[in-house]
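S.K.: Given next are the chains, with one letter for each unit.
There are 2 protein chains.
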Amino acid sequence: MEGSPSTAGPRPLGLSYAVGASQLLGVAVLAVVGAWMGHFRGGLAWESPQLQFNVHPLCMILGMVFLQGDALLVYRVFRTESKRATKVLHGLLHGLALLVALVGLVAVFQYHKKNGFPDLYSLHSWCGILAVAFYVLQWLMGLGAFLFPGAPFSLRSRYKPQHAFFGATLFLLSIATALLGILELLIFKTYSAFAPEGLLGNALGLLLVGFGGLLGYILTREEWRRPLQGEEMALSMDFKKLPEEEEGGGGSPVDPR
Amino acid sequence: MEGSPSTAGPRPLGLSYAVGASQLLGVAVLAVVGAWMGHFRGGLAWESPQLQFNVHPLCMILGMVFLQGDALLVYRVFRTESKRATKVLHGLLHGLALLVALVGLVAVFQYHKKNGFPDLYSLHSWCGILAVAFYVLQWLMGLGAFLFPGAPFSLRSRYKPQHAFFGATLFLLSIATALLGILELLIFKTYSAFAPEGLLGNALGLLLVGFGGLLGYILTREEWRRPLQGEEMALSMDFKKLPEEEEGGGGSPVDPR
Chain G
1 MEGSPSTAGP RPLGLSYAVG ASQLLGVAVL AVVGAWMGHF RGGLAWESPQ
51 LQFNVHPLCM ILGMVFLQGD ALLVYRVFRT ESKRATKVLH GLLHGLALLV
101 ALVGLVAVFQ YHKKNGFPDL YSLHSWCGIL AVAFYVLQWL MGLGAFLFPG
151 APFSLRSRYK PQHAFFGATL FLLSIATALL GILELLIFKT YSAFAPEGLL
201 GNALGLLLVG FGGLLGYILT REEWRRPLQG EEMALSMDFK KLPEEEEGGG
251 GSPVDPR
Chain B
1 MEGSPSTAGP RPLGLSYAVG ASQLLGVAVL AVVGAWMGHF RGGLAWESPQ
51 LQFNVHPLCM ILGMVFLQGD ALLVYRVFRT ESKRATKVLH GLLHGLALLV
101 ALVGLVAVFQ YHKKNGFPDL YSLHSWCGIL AVAFYVLQWL MGLGAFLFPG
151 APFSLRSRYK PQHAFFGATL FLLSIATALL GILELLIFKT YSAFAPEGLL
201 GNALGLLLVG FGGLLGYILT REEWRRPLQG EEMALSMDFK KLPEEEEGGG
251 GSPVDPR
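Those protein sequences? They're chains G and B, same order as listed.
This note's numbering applies: residue 1 is where the first sequence begins, and numbers increase by one.
This note's numbering applies: residue 1 is where the second sequence begins, and numbers increase by one.
It should be emphasised that the hints constitute simulated quantities derived from the structure, not laboratory data.
Glycine is no exception: its CB is placed at the ideal position from the N, C-alpha and C atoms.
Incorrect hints may have been included.
Claimed, not checked - Stretch-level coverage of chain B by chain G, calculated; a stretch enters the list once three of its residues show a Cβ under 8 Å from a Cβ in chain G: (1) 142 to 153; (2) 175 to 187; (3) 208 to 220.
Modelling step: build the complete structure from the supplied sequences, incorporating the hints.
M.R.: This is the structure:
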């Protein structure tokens, strides 16, 4: 990389292993939540007043954790494809995540209504509404700034670090919300000893923490960032933060050395 | 900063406001948890079989959230003081946080024992044990690598980004654990409607999310990093990551431009 920032080197080996491990963890998370709903909670049935609830954990973890997480990884996995195609995939994965999450939200609100339970009183629900609402906002702002033509480059370059920071924050908030949901579900049933369901739920929580931690590590390692491609080099002086704006050039992949 | 990386510029105004806001949020968090334990839970009394529990939330949030968070801010607040004094303060604040947290842990284990409650079965307790155990480990490794003399600079420079990443992860895990503790405490009492105590607990959770988010923002803004001081410049070629190790020089405050 050094000395020829316009051409991408091979993908670092550590990055490949870390991304692979994150996908194994993500699939383990989905398998555990599926086993929980299937084995301990009677499975999924949209029309059933009781079993409709079980759609909620499955959809929220698939959408707000797994798909949201993988959307964040797109820029680490696709290092040499065109920037525009990579951005479109990033936006599509987030859009799919939102759709899946909306199904999960409808499931829980309909379940509450059918059973006369009150909505939105728990810390889990407050954090969840916050996460979903800002996720929609972030997605719309990302579309407007980065995918629709017309946004000036200076705005893109100023908004980009904010977009990345709030994206990471929303991902972490989604994981925290999932942990709260697991604990709530366990306590509402029985949770006063080392019951198998309690252990399963706890294990799911730890897997989620591991998934979040590993993604955080992949996304914050400077040398694993996506290198600029040839087509982007011409724009880089504009896209890149101005030196006065960011001391030392920061994490920008273009280094004038 | 640009052009003279050896002298520190004035503290950015945005940083001062953000640090001030974080301290207001942190004090609000402590006030809310104090009001919760004092007003709704009967106050603190170490010898009482019931009230000893109330020491736990107060100590854990003071130690593992407020003091741990402020220890992370030290390098943003003290920009021109000697590196060694700043490091010592960072280590002392983390040590104080650990001591306060240990008092909180003794309180909850003694409370369980006095009342015959089982230990360590909930997701809150699993996350909490994980956070405290790795916090002790991180503190010892930090002491060994950065404060005791004798650690080679090459080891320090390789370990430093790992130390910072795991430190941030432990802080976020501590906040997630606090959210789980709040939810657990609320559900174990009554939490099926919009009771004042439920609203207070939820508000505390949101304040914690805000504290964590704001600290994350302060700590990840490149241009708010502590500039290298004169005394450190001589070491900087050694301390700084090698270009082959970190593409583009990354977030290092020394830029050869």
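S.K.: Hint by hint, which ones does this structure get wrong, listed from lowest number up?
M.R.: Going through the list in order, the structure violates hint 1 alone and respects the others.
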